[in-house]
Amino acid sequence: VNKKWKAVPWGNIGQLEVYRTDWFKEVGVTKFPDTWEDLLAAGRLLKKKGHPFGFEIGHGFGDNHGWMYPLLWSYGGREVDRDGKTVLIDSSETAKAVDFCRKFYQETMFEDVLGWTDVNNNKAFLGEQISCTNNASSILVVAKRDFPEIAKVTDHALNPQGPKGRYHLLNAQSLALLSYAPDQAAAKAFLRWLYDDKQLSRWLAAGDAYYAPFLHSYDNHPMWQPEPRYMPFKESLKTSRPHTWPGPQGTAASESVAKYVLVDMFAKACRGDSTKDVIATAASQLKQIYKAK
1 VNKKWKAVPW GNIGQLEVYR TDWFKEVGVT KFPDTWEDLL AAGRLLKKKG
51 HPFGFEIGHG FGDNHGWMYP LLWSYGGREV DRDGKTVLID SSETAKAVDF
101 CRKFYQETMF EDVLGWTDVN NNKAFLGEQI SCTNNASSIL VVAKRDFPEI
151 AKVTDHALNP QGPKGRYHLL NAQSLALLSY APDQAAAKAF LRWLYDDKQL
201 SRWLAAGDAY YAPFLHSYDN HPMWQPEPRY MPFKESLKTS RPHTWPGPQG
251 TAASESVAKY VLVDMFAKAC RGDSTKDVIA TAASQLKQIY KAK
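Residue numbering for the sequence shown follows this note's numbering, starting at 1 and increasing by one per position.
Hints in this document: simulated from the structure, not taken from any laboratory.
Only a predicted model underlies this, so the values are computations on that prediction, with no experimental measurement involved.
Do not take every clue at face value.
Said to hold, decoys possible - No more than 30 Å apart at the CA atoms, straight line, and that leaves these computed lysine-lysine pairs for DSSO-like:
hint, residue 1, residue 2
1, LYS47, LYS188
2, LYS6, LYS31
3, LYS47, LYS276
4, LYS164, LYS85
5, LYS48, LYS144
6, LYS152, LYS31
7, LYS103, LYS287
8, LYS287, LYS6
9, LYS259, LYS4
10, LYS31, LYS96
11, LYS164, LYS103
12, LYS287, LYS276
13, LYS238, LYS164
14, LYS3, LYS291
15, LYS31, LYS144
16, LYS276, LYS103
17, LYS96, LYS164
18, LYS164, LYS47
19, LYS31, LYS49
20, LYS164, LYS3
21, LYS144, LYS238
22, LYS25, LYS188
23, LYS6, LYS291
All chains should be built: construct the whole structure from the sequences, respecting the hints.
Below you can see the structure in the form of structure tokens.
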């Protein structure tokens, strides 16, 4: 539409902290830590007790970006500026985020996470191998169905905040009508029908908070009442940003995500590469992608 892609959104797949309340209590943590530094301190204690963290650092689809972008932003780091051309990744703020990530990995997790994809953290949590990860609501959904005892001691929390604030990743889900669709009238009629509250309400409720609706008219919807542990997914929308915020979305942004530029920057640091080197590599890649000078 007018040379811009348009779509009708319905909800966000939230990426939040999923944790074992019983194990956190064993080390004296009765409320989920509010800052990354406090989570690091709790993670040290839990790892010593045999309950390490497990955050994906491999080439998965979403559970890696789901915590790495918010971590970067919370320390003040950015990939690209609002103009979509000026690469900002090489900064002291990014360096602080990288240094924290290395420490977070070394002191709270086990080495396997460097090769994890989206399925691994789910399996590890349900297999009682880890005490905390970043994920959608699917872990609790499966636990309630197949592992009721684990479900009783599983909860969600907002991402911790850093020196520059608290952030979450926006995974907006939308439907669009392509110009070459053979039956435009039927497709438009279907979208109007589907987005009517009679259908949309039931559809969203069936998802067990996997899709948090964007419209404020759903803030007090009955879909949130049966399971209060899903409420953080609604709250996270207030601080959610798209992958390359504050830069614009587009082919360059998609290329950056698809090539795991940010993921590899953090992963290489966790493997032992210097902060300076991993940031320089990421900056070089991003300049090629965004054609920056």
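Numbers of unmet hints, in rising order
Per hint list: 1, 2, 20 and 22 violated.
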